[in-house]
Amino acid sequence: MSYAVTLRNGAVVLAVALTAAACARRPVTDRPPPPPTEQPRTTPGTGGQPVPPVTQQPTGTIQPGSTQDFVVNVGDRVYFDFDSYAIRAEAEPRLEGQAAWLRRYPEVRVRIEGNADERGTREYNLALGARRAESVRSFLVARGIAPSRIDTISYGKERPIADGSNEEAWARNRNAHTAITSGAR
Amino acid sequence: MRLSTLIAVLMSALLAGLALPGAARAQSEVVVNQGVVAPTPIAIAPFAGPDGAGISQVITANLERSGFFAPIDPAAFIETNPGVDVQPQFESWRRIRAQALVVGESSIDAQGRMRVNFRLWDVVTEQQLLGFQFTATPENWRRIAHKISDAVYQRLTGELGYFDTRVVFVAEQGRGQGRATRLAVMDQDGFNPVYLTQAEGIVMTPRFSGAGQEVTYMVLGEDSTRIYVHNLETGRRESLGSFDGQVFAPRFSPDGRRVAFSIERGGNTDIFVMNLQTRGISRLTSDPGIDTSPSFSPDGRQIVFNSDRAGRPRLYIMNTDGSGQRPVSTGSGNYHTPVWSPCGDLIAFTKQAGGRFHIGVMAPDGSGERILSSSFFQEGPTWAPNGRYIMFFRQPGGGSPRLWTVDVTGRIERPAPYNLPASDPAWSPLLDPPAGDFGGSGRCQAR
Chain A
1 MSYAVTLRNG AVVLAVALTA AACARRPVTD RPPPPPTEQP RTTPGTGGQP VPPVTQQPTG
61 TIQPGSTQDF VVNVGDRVYF DFDSYAIRAE AEPRLEGQAA WLRRYPEVRV RIEGNADERG
121 TREYNLALGA RRAESVRSFL VARGIAPSRI DTISYGKERP IADGSNEEAW ARNRNAHTAI
181 TSGAR
Chain B
1 MRLSTLIAVL MSALLAGLAL PGAARAQSEV VVNQGVVAPT PIAIAPFAGP DGAGISQVIT
61 ANLERSGFFA PIDPAAFIET NPGVDVQPQF ESWRRIRAQA LVVGESSIDA QGRMRVNFRL
121 WDVVTEQQLL GFQFTATPEN WRRIAHKISD AVYQRLTGEL GYFDTRVVFV AEQGRGQGRA
181 TRLAVMDQDG FNPVYLTQAE GIVMTPRFSG AGQEVTYMVL GEDSTRIYVH NLETGRRESL
241 GSFDGQVFAP RFSPDGRRVA FSIERGGNTD IFVMNLQTRG ISRLTSDPGI DTSPSFSPDG
301 RQIVFNSDRA GRPRLYIMNT DGSGQRPVST GSGNYHTPVW SPCGDLIAFT KQAGGRFHIG
361 VMAPDGSGER ILSSSFFQEG PTWAPNGRYI MFFRQPGGGS PRLWTVDVTG RIERPAPYNL
421 PASDPAWSPL LDPPAGDFGG SGRCQAR
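So the protein sequences, as listed, match chains A and B.
Under full-length UniProt numbering, residues 1 to 185 are what the first sequence spells out, in order.
Under full-length UniProt numbering, residues 1 to 447 are what the second sequence spells out, in order.
The following block holds chain A by itself, in its conformation from the complex:
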């Protein structure tokens, strides 16, 4: 009774039943040699470094129509209640401002990035973040911004802006971020 078993890497483990009467001091029976074998192939990683976040710092005068103008004077992020994608009343003035700014600078394209806090599973939070991004997109489209100017993506809980496991951090991480992708001055 012998079983030649091919491993994933092409190597072979041959299993052979030993004789049951071990007390007989019999030498272990030799078996036909297995096929040639190979070393497991490995792919050593190259030490990847995290990309530092890009932040906008207001310095001196802000050029109208610039990304800085949008971030500082309009506000690029709105926040949501737990497990909700409804636009809060307090977020509406900011989104009205985003719509007005985008009407004034029609070459600008944006990407709405939906985010969730850490209290959820990764997959479900991707879907939840997408609903938040879509809520903001719908708001802007209803205010006359062409759908073709707006992309959306959900980062789920994968790109939190606030570290920490507390109510304050969670509240900040439940958001939709309007990122300018092109057309700013």
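By construction, these hints were calculated from the structure, which means they are not laboratory data.
Glycine included, every Cβ here is placed at the ideal spot set by N, Cα and C.
One or more hints might be untrue.
[Claimed, not checked] If you want the footprint, here are the derived chain B segments under chain A, 3+ residues with CB under 8 Å:
id, stretch
1, 173-185
2, 282-293
[Stated by the list, open to error] Here are the in silico distance ranges between beta carbons for each label pair:
id, chain 1, residue 1, chain 2, residue 2, range
3, A, T181, B, G280, 29 to 35 Å
4, B, G399, A, S182, 34 to 40 Å
5, A, S148, B, S286, 24 to 30 Å
6, A, G164, B, P288, 32 to 38 Å
[Claimed, not checked] Counterexamples of contact, computed for chain A against chain B with all Cβ distances above 12 Å:
id, residue
7, Q63
8, S66
9, D69
10, V72
11, R77
12, Y79
13, R88
14, Y105
15, V108
16, R143
17, R149
Given chain A, work out where chain B should sit, using these hints.
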């Protein structure tokens, strides 16, 4: 009573105790059986020959980690060098209360291959339970040790072994905006970790094909997501393509020929399945709720998934063509990430309730729900191929994620043997079918 029968009975007793409330369990420390059933004392003699000591240590660690065995410290051995081809002095093993004894030796043959002979003895009845020889290249000595572990586990418990397996996972570095992730794979005992990708976007949710050579996973980039199929043997990876919408939550069918996943469009998330050969896509759900985290039944005929179509996220089952969608979970709380056991009898899930996250199991008809493990945050259960152990990841508030394991009774809970930040584990099938007839008729029994 024969030893193998005794252990089978003990395992049945464990299963009979499954209905015990989960709250009785400790949260974070190693818990072995809680005094309900004592692990079986087993002596694993140091193997003679090249890497013999290492082989014994791997077997010892595997069997100990299973929770069903209590390996005896070799310092207590009276007969210190039991040969593989002589009858052990059973009395000297009975005196240290061993019930089973593993002996073995390795050698290098004329062709440079390693040959490892081992025998498993029932010390009480003085019968040989197993006697096998494994041959491999010397570099593969750990795999030989895993195969011997599987043979011993299967012979004594009647269940399929699970040691000759690997785990693919997300290696994590940093938190928040400084977070970097890489796909990695290791042996189930934490050895031979290898990175499969460089840090590029955020790698998420790798899952093994039932065929064992391929892994599907997703990458979350700045402006899009992609699903890949990565062949571990060739190193080749292939994208499932571009989609109108965001794709995530991929998982293979048991035969590895299809991948089910979610596509989000306009805020609505539904489940689709792609035939990898034809690249044809079928839509399985179309309601306005979130439908995600699909997982096939082991016969490939049904899919369990997560949906909030009725308000809260709950578990549903449908046929693989999308017909017959029906709710499964009945409890309060939010249910996520269902994963069908390879044995077919249970569905593991993540449950969010009472401000904590729980790993639990239920029957496919929704009955018999029980919580196995709870903490501040944990999710992502994955099954060992014998359907007895579940690996998941746990992240304490403000801390790094780590891999953990728990058995289906919830009594054997411990950190996985990999002590670096990691998340999203996925257990492989057995790398080979069992190498011989080791007996067994239990969970996911050997074919």
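To see whether the hints hold, each was checked on the structure:
no.: 1; hint: 173-185; verdict: holds (count 10)
no.: 2; hint: 282-293; verdict: holds (count 3)
no.: 3; hint: T181/A with G280/B: 29 to 35 Å; verdict: 33 Å, holds
no.: 4; hint: G399/B with S182/A: 34 to 40 Å; verdict: 39 Å, holds
no.: 5; hint: S148/A with S286/B: 24 to 30 Å; verdict: 25 Å, holds
no.: 6; hint: G164/A with P288/B: 32 to 38 Å; verdict: 34 Å, holds
no.: 7; hint: Q63; verdict: 25 Å, holds
no.: 8; hint: S66; verdict: 20 Å, holds
no.: 9; hint: D69; verdict: 22 Å, holds
no.: 10; hint: V72; verdict: 20 Å, holds
no.: 11; hint: R77; verdict: 14 Å, holds
no.: 12; hint: Y79; verdict: 17 Å, holds
no.: 13; hint: R88; verdict: 17 Å, holds
no.: 14; hint: Y105; verdict: 20 Å, holds
no.: 15; hint: V108; verdict: 16 Å, holds
no.: 16; hint: R143; verdict: 18 Å, holds
no.: 17; hint: R149; verdict: 14 Å, holds
Checked against the numbered hints given earlier, the structure satisfies every one of them.
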